[in-house]
Amino acid sequence: MSILIHNRRDPQPQRSFVSSRLRGDVLQNPSLPPRRNQTFRKRELIPLPQDILWRLEAGTVRTFTLAEDGALITLGLWGVGDVVGSALAQIRPHQAECLSTVNVSPLVTVHSAYLNQILLAHLHQSQELLSIRSGPMQQRLLQLLDWLALKFGRSTDQGIHLNIRLTHQEIADILGTTRVTVTRLLSHLESEKYLSWICGRILLPIPQQRLSITGQQ
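For the sequence shown, this note's numbering gives the first residue as 2, with consecutive numbering after it.
Note that these hints are calculated values from the structure, not bench results. Some hints could be false.
To be verified - DEER-style ranges, computed between Cβ atoms: (1) Asn104 to Glu129: 24 to 30 Å; (2) Glu193 to Pro48: 40 to 46 Å; (3) Ile207 to Asn38: 32 to 38 Å; (4) Ser106 to Ala72: 30 to 36 Å; (5) Ser113 to Ala59: 25 to 31 Å; (6) Leu46 to Asp158: 34 to 40 Å; (7) Asp158 to Arg134: 31 to 37 Å.
The model shown is predicted, which means the values in this text are computed figures rather than measured ones. We put the CB at the ideal spot given by N, CA and C, even for glycine.
Please work from the sequences and hints to get the whole structure.
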């Protein structure tokens, strides 16, 4: 399965965001008003003009591309404080879908050091999600749950509460499998007390409890 890569024989539109708008140590976007937040509903696609970066003020977003056979490939999962934008990826198509109600604000001025941090965050996350797509399917799912716990987890007395809602199909898209397989594996892990559900969100045992569970298997 191959990923569609945009043919950049004329790279000027992409370069303009990263290079021509650099003034000293600052990335500037003079075409935007000082501040204009926008809100998008669940399942809406966030517009990704080449000259705009969006900071997430509320909600969760997944960025994705499409393979030649039409399969959806997840590039990243993003929450409050993260930044998304077309200029952060060379893969085309590159889209951002709201997994919940999302509020974003345009970054009008970005220091180049911060821009580098954003670029590295996108690169690292793409590599992490890609590495999860190998190995036995249950192992992939367990690795994904661990990754989600680190990025979206909130520790409670009950365990680690994942502050993100993913459908079985969305999990399948990340793992490179089918919705039916994900449903079966989640049911198995629930029966083994490796996870539970609260208000439609996954609750994982605290690390010590998880070790005792896996040790009994």
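We went through each hint and held it up to the structure:
{"no.": "1", "hint": "Asn104 to Glu129: 24 to 30 Å", "verdict": "holds, 26 Å"}
{"no.": "2", "hint": "Glu193 to Pro48: 40 to 46 Å", "verdict": "holds, 43 Å"}
{"no.": "3", "hint": "Ile207 to Asn38: 32 to 38 Å", "verdict": "holds, 36 Å"}
{"no.": "4", "hint": "Ser106 to Ala72: 30 to 36 Å", "verdict": "holds, 32 Å"}
{"no.": "5", "hint": "Ser113 to Ala59: 25 to 31 Å", "verdict": "holds, 27 Å"}
{"no.": "6", "hint": "Leu46 to Asp158: 34 to 40 Å", "verdict": "holds, 38 Å"}
{"no.": "7", "hint": "Asp158 to Arg134: 31 to 37 Å", "verdict": "holds, 34 Å"}
In the structure shown, no violation is registered for any of the earlier numbered hints.
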